[in-house]
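**Student:** Spelled out, the chains give:
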Amino acid sequence: MQDGLEHNPNVSKDALAAHHRAAYGWALSLCGYDAATADDVMQQSYLAIIDGSARFDGASSLKTWLFGVVRNVARRHHRARRVYVAVVARFGAQPRDGSRAMADLRGGDTVGVALATLPRRQREVLELVLWAEFTLEQSAAILGISVGSARTHYHRAKQTLRARLERDDD
Amino acid sequence: MTDARLDQAIRAAFERQSAAYDIPDFDALLNRAVAARSPRPMPAWLSVAAAAAVLATVALMHVEQRALESDTRLLMAELTRGTYWRAPSDRALDARAGARYLGVPDFPDMTYSFDEVKTWL
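Residue numbers (the numbering used here), protein chains in the order written: chain C, 1 to 170; chain E, 171 to 291.
Among the hints, erroneous ones may be present.
What the hints assert, rightly or not - When the alpha-carbon atoms are kept at most 25 Å apart in a straight line, the in silico SDA-like pairs for lysine to any residue are as follows:
1. C:Lys-13 - C:Arg-55
2. C:Lys-63 - E:Asp-177
3. C:Lys-13 - E:Ala-189
As the list claims (entries may be wrong) - Okay, the calculated bits of chain C under chain E, using three or more residues with CB under 8 Å as the criterion:
4. 19-26
5. 42-48
6. 158-168
Said to hold, decoys possible - Computed far set for chain C versus chain E, every beta-carbon distance over 10 Å:
7. Gly-58
8. His-78
9. Ala-80
10. Arg-81
11. Arg-120
12. Arg-121
13. Leu-136
14. Glu-137
For the record, the hints were derived by calculation from the structure and aren't laboratory data. This structure is a prediction, so every number in the text was calculated from the model and none was measured. For every residue, glycine included, the Cβ atom is placed at its ideal position computed from N, Cα and C.
Just chain E, with the same shape it has in the complex:
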């Protein structure tokens, strides 16, 4: 078999192979590619879901904030009631020494009556 005949036979085989398929329309394929690049509008149900998620997050943050405020109020109430927290190494407290110990904010303008001492463990 000559080289030219072999080349011709191979070309013909590839040609038959290609001809067995419908070539998709160039414009249609290009338009599909252009459409695939364009940002698509968000579906309505997705917008509703996103809005609901935002609302739920805000509500949760509000609840947490309220809980935090509630904890702070409880702590302040306990402090003003006269419970005093101190570190284990501290010696016995003198009520007149004021609230200048570990973990307790210093409120120089307030008057405390220390009737109970608790120790952090």
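The following block holds chain C by itself, in its conformation from the complex:
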């Protein structure tokens, strides 16, 4: 059976499936934990892989590349959404907003609440390094920033979290 990956000969369906769960978690995070938007972003990411507009050349690991594709698609999606919100606002209507902050979802989860209050980029670096198990170099490549910048975000995020959690413990 054709798996639709003719335009990406270096990508196999099984390899993609192996990273599906992690990539979806990443999409959720990029979409403010709005499941419907994350679904759209994942489908568009797979579409980009199928039609070859995102092509894997083996320069990084497949997982790093896939996370980068998801991030790029999510960014495009957010740009389109900003235009949609602006157009809807122009006509005086209230745009539908499905996104929810992490803190709303986690309720009494102290760490979750603390994570939700971090600047977006700091939280993304933490998620990539500690949850998705990327190195700082890989995380920097996914986010399109320098390794030094990723390192700074990582340490500042942990510093902030440590201070908040220790303050809560007192």
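Start from chain C and add chain E according to the hints.
**Tutor:** Coordinates of chain E only, in the frame set by chain C:
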């Protein structure tokens, strides 16, 4: 709090966050993406609308063509009836000079009787 404990707490928070959601089935998502790429057959009503639009365009072109031909026939009839058009700067016309003036095609084989002169403004 040790670094290792902090890392563990952060990992656990992300894990709980992710676990709160159903992961969509990979195959279903991939199939949807494949389906989104495939060209979809044109709906029947759209085919009918497209055919009607083509027919309307052809009919309109035909009407315009007929109108153009009608205008040409009128012009030729007016010319052969003896009305002559000339530019304002031209001096009075001599009927024997023939139709060699501005805007009038030269029909050397035809005979004109110039009984009226009109001037372009």
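**Student:** Each hint: holds or not?
**Tutor:** Hints and how they fare:
1. The hinted pair formed by Lys-13 (chain C) and Arg-55 (chain C) meets the criterion: a straight-line CA distance of about 14 Å does not exceed 25 Å.
2. A hinted pair counts as satisfied when its Cα atoms are at most 25 Å apart, and Lys-63 (chain C) with Asp-177 (chain E) qualifies at roughly 22 Å.
3. Annotation: proposed proximity of Lys-13 (chain C) to Ala-189 (chain E) holds, straight-line Cα distance about 24 Å (limit 25 Å).
4. Counting residues of the stretch 19-26 of chain C whose CB lies closer than 8 Å to any CB of chain E gives 4, which reaches the minimum of 3, so the coverage claim holds.
5. By the rule of at least three residues with a Cβ nearer than 8 Å to a Cβ of chain E, the coverage given for the stretch 42-48 of chain C holds, with 5 such residues.
6. Look at the stretch 158-168 of chain C against chain E: 5 of its residues bring a Cβ nearer than 8 Å to a Cβ of that chain, three or more, so the hint holds.
7. Gly-58 (chain C), annotated as away from the interface, keeps every beta carbon of chain E farther than 10 Å; the closest lies near 21 Å.
8. A cut-off of 10 Å between C-beta atoms confirms that His-78 (chain C) is not in contact with chain E; the least separation is 19 Å.
9. Listed as a non-interface residue, Ala-80 (chain C) keeps its Cβ farther than 10 Å from every Cβ of chain E; the least gap is roughly 16 Å.
10. Its beta-carbon lying about 19 Å from the closest one in chain E, Arg-81 (chain C) satisfies the requirement of being farther than 10 Å from that chain.
11. Residue-level check passed: Arg-120 (chain C) sits 15 Å from the nearest beta carbon of chain E, beyond 10 Å.
12. For Arg-121 (chain C), the shortest C-beta to C-beta distance to chain E comes to about 16 Å, beyond the 10 Å cut-off, and the non-interface label holds.
13. With a cut of 10 Å on Cβ distances, Leu-136 (chain C) stays outside the contact zone with chain E, its closest approach being about 14 Å.
14. Here Glu-137 (chain C) stays apart from chain E, with its beta-carbon at least about 18 Å from theirs, past the 10 Å limit.
Going down the numbered hints, you'll see the structure goes against none, and every one checks out.
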